[in-house]
Amino acid sequence: MIDLRVVVVDDEPLAREGLVELLEAYPGVTVVGAFADAAAALAGLERVRPDVLFVDVQMPGLNGFELVEALTSDPLPGVVFVTAYDEYAIRAFEVNAIDYLLKPVTAERLGQAIERVGAHVRGAGDRDYRASMAALLKGLPERAQGAGRLIVREVGQIVVVPTRDVDWIEGADYYCKLHCGAKVHLLRETLGSLEQRLDSRRFMRVHRSAIVNLARVGAVEAHLRGEGIVVLTSGTRVKVTRSRREELERRLEDFHDTE
Amino acid sequence: MSATALVVVLLRSLQLAQMAGQTGAQVGWKPILATQASFWVTWSIWAGVSVPLMRRLIEHPPRTILRVGSLIGLALLPSILVPIPYGLIHWLTFGGGQSFGFGYIHTATHDVITNVLLGTAIAGVTYGYLGLQRARHLEVTAAHLNAQLSKAQLDTLRAQLNPHFLFNALNSIAVLARRGQAADVERMVTQLAGLLRHALESSKEQVVTMRVELEALRQYLAIEQVRYRDRLVVTVDVPDVLLDRVVPSLLLQPLVENGIRHGFVDGSQPLHVAVRARVEAARLILSVVDDGPGPAHRDDPPEGLGLGNTRARLAGLYGSGASLTLAPADHGHGAKVTVVLPDRPL
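Same order as they appear, the protein sequences are chains W and E. Using the numbering used here, the letters of the first sequence map in sequence onto residues 1 to 259. Using the numbering used here, the letters of the second sequence map in sequence onto residues 1 to 346.
I should point out that these hints are in silico values taken from the structure, not numbers from a laboratory. Be a bit skeptical, because a hint or two may be false.
Per label pair, the in silico range of CB-to-CB distance [to be verified]:
hint: 1; chain 1: W; residue 1: Ala25; chain 2: E; residue 2: Val189; range: 17 to 25 angstroms
hint: 2; chain 1: E; residue 1: His137; chain 2: W; residue 2: Ser132; range: 53 to 61 angstroms
hint: 3; chain 1: W; residue 1: Val159; chain 2: E; residue 2: Pro342; range: 42 to 50 angstroms
hint: 4; chain 1: E; residue 1: Ala222; chain 2: W; residue 2: Asn96; range: 34 to 42 angstroms
hint: 5; chain 1: E; residue 1: Ala327; chain 2: W; residue 2: Arg116; range: 26 to 34 angstroms
hint: 6; chain 1: W; residue 1: Val159; chain 2: E; residue 2: His137; range: 52 to 60 angstroms
hint: 7; chain 1: E; residue 1: Ala222; chain 2: W; residue 2: Gly139; range: 49 to 57 angstroms
hint: 8; chain 1: W; residue 1: Glu24; chain 2: E; residue 2: Ala222; range: 24 to 32 angstroms
hint: 9; chain 1: W; residue 1: Val155; chain 2: E; residue 2: Lys204; range: 52 to 60 angstroms
hint: 10; chain 1: E; residue 1: Gly319; chain 2: W; residue 2: Asp254; range: 34 to 42 angstroms
Where a beta carbon is used, it is the ideal one built from N, C-alpha and C, also for glycine.
All chains should be modelled from the sequences, with the hints used to inform the complete structure.
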């Protein structure tokens with residue numbers, strides 16, 4: 001028999017209770033937690049360590065996708081998204097073979113999801129699962145234009161950083177520093193991977209280890225051997241590779257702040 | 001116009017000089033040219049001046065008697081005006097004993113038939129042409145407005161049947177049914193039916209009484225209350241005297257839904273929403289206030305609906321007589337949507 005520890009995250013009390021009731025009726029499934037939003041879930045997950053997460057997509061604060069994006073546990077728990085209506089997300093789930101349930105949730109359909117995700121949890125293939133989850137999150141239509149906000153896990157809390165608040169991003173080995181005015185947030189992601197997710201009209205990689213927000217560029221100065229220096233409105237100076245200087249100047253000319 | 005006038009002037013002068021030559025009268029070509037020029041140039045100037053006057057008459061038509069009077073005036077006025085420069089030039093060029101008055105009376109009476117015919121012809125042609133132009137313009141505008149209205153209707157219908165709301169409501173009903181809460185299921189299904197009926201009818205009826213609108217809002221809120229329980233606190237404060245006022249149908253529900261969608265900050269803090277109505281200076285003022293994060297924190301409008309649709313509908317119904325504004329709520333946090341309508345009792 002299947003033996004799964006599951007967690008439910010949904011902001012609607014009745015929907016949450018309903019899903020818990022359905023899950024508990026399923027043999028071998030134990031509900032180890034039910035949370036009303038992503039922040040509560042992230043705080044609680046450290047403690048309960050479930051095998052599977054049932055996550056509502058539409059939630060206030062961080063939505064279901066952002067919650068999964070902020071998960072750091074290894075291995076990643078199995079994830080089943082729950083949604084009332086979202087045709088684009090559904091296509092993305094299917095393309096990436098990620099489980100999902102539609103509301104109203106039926107016992108029968110829930111049973112199928114449990115069996116499938118149970119097989120994943122028992123089997124190996126975590127690398128594949130992680131990859132398809134990453135592909136799902138990247139391919140979501142609302143992110144095609146670039147992430148509007150970044151989710152940073154800090155001690156004891158989740159910080160949501162709107163990308164328009166970021167002055168520049170400094171890359172280090174396996175993480176990067178988001179410089180937002182006087183604040184600096186550490187993001188566990190490489191600069192190259194982050195660059196892929198950001199809106200390319202607003203952000204530009206000017207150096208192996210730096211991305212700047214074009215809206216915050218105050219001036220571009222000449223430096224040694226054709227290199228340049230970007231002077232941000234905050235006064236910070238960021239080096240520009242010779243090969244990117246021309247592109248930077250061109251993009252600054254074309255850039256219109258739409259915020 | 002002036003080129004035609006010039007050709008007419010030259011031809012007519014040539015003809016007159018020839019006629020004068022045949023009768024043996026001694027007339028120089030200069031006076032003939034001058035008087036003829038004054039005659040035809042004055043007419044072409046008149047034709048130019050009468051166009052804007054006529055356009056004004058067509059676009060802002062006065063009462064019938066005045067309109068007919070103005071048309072007759074425009075037809076006859078040149079018969080009095082045209083001889084003035086003619087008489088003046090006649091007097092200046094021929095000189096001698098002929099006074100200005102003589103020249104004026106002479107041309108006014110001598111050319112009266114020509115002048116009346118020309119004046120009437122010009123007035124008639126201008127009136128006909130401009131009238132036709134105006135009618136075409138009105139037709140195009142009406143078609144445009146109609147298209148806008150049907151699009152707004154379609155959008156409203158789509159907004160009213162917000163699939164997200166609908167499926168979440170159905171999910172709640174399924175949960176209640178599984179628990180065997182038959183009475184709750186029945187109530188919720190009835191409320192949903194009432195709301196759907198109101199939505200479908202509102203695509204036909206653009207306006208309803210406040211009473212009907214509030215009933216639909218209550219049905220909507222009852223469903224949301226089942227979904228969110230004590231996390232959602234809504235107060236509706238509309239004085240009884242306003243219940244027979246006319247409002248666009250399904251105006252309030254999307255506004256409240258918008259407030260709920262953007263108002264929650266997380267899964268536990270309660271959200272307060274207040275719906276109010278009052279009359280002030282012949283204006284009906286409706287407001288939906290929430291204590292959520294406020295308009296500055298609203299992300300992109302999800303599902304492309306939101307306030308733009310309502311705003312377009314108001315413009316279609318009232319033109320510039322109605323407005324919708326989104327602002328931070330007075331108490332510092334939260335959003336306030338204010339709709340101002342012309343106050344129309346049933």
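Hints versus structure:
no. : hint                                    : in the structure
1   : W/Ala25 x E/Val189: 17 to 25 angstroms  : 24 angstroms, holds
2   : E/His137 x W/Ser132: 53 to 61 angstroms : 59 angstroms, holds
3   : W/Val159 x E/Pro342: 42 to 50 angstroms : 48 angstroms, holds
4   : E/Ala222 x W/Asn96: 34 to 42 angstroms  : 38 angstroms, holds
5   : E/Ala327 x W/Arg116: 26 to 34 angstroms : 48 angstroms, violated
6   : W/Val159 x E/His137: 52 to 60 angstroms : 58 angstroms, holds
7   : E/Ala222 x W/Gly139: 49 to 57 angstroms : 39 angstroms, violated
8   : W/Glu24 x E/Ala222: 24 to 32 angstroms  : 28 angstroms, holds
9   : W/Val155 x E/Lys204: 52 to 60 angstroms : 59 angstroms, holds
10  : E/Gly319 x W/Asp254: 34 to 42 angstroms : 39 angstroms, holds
Checked against the numbered hints above, the structure violates hints 5 and 7; every other hint is satisfied.
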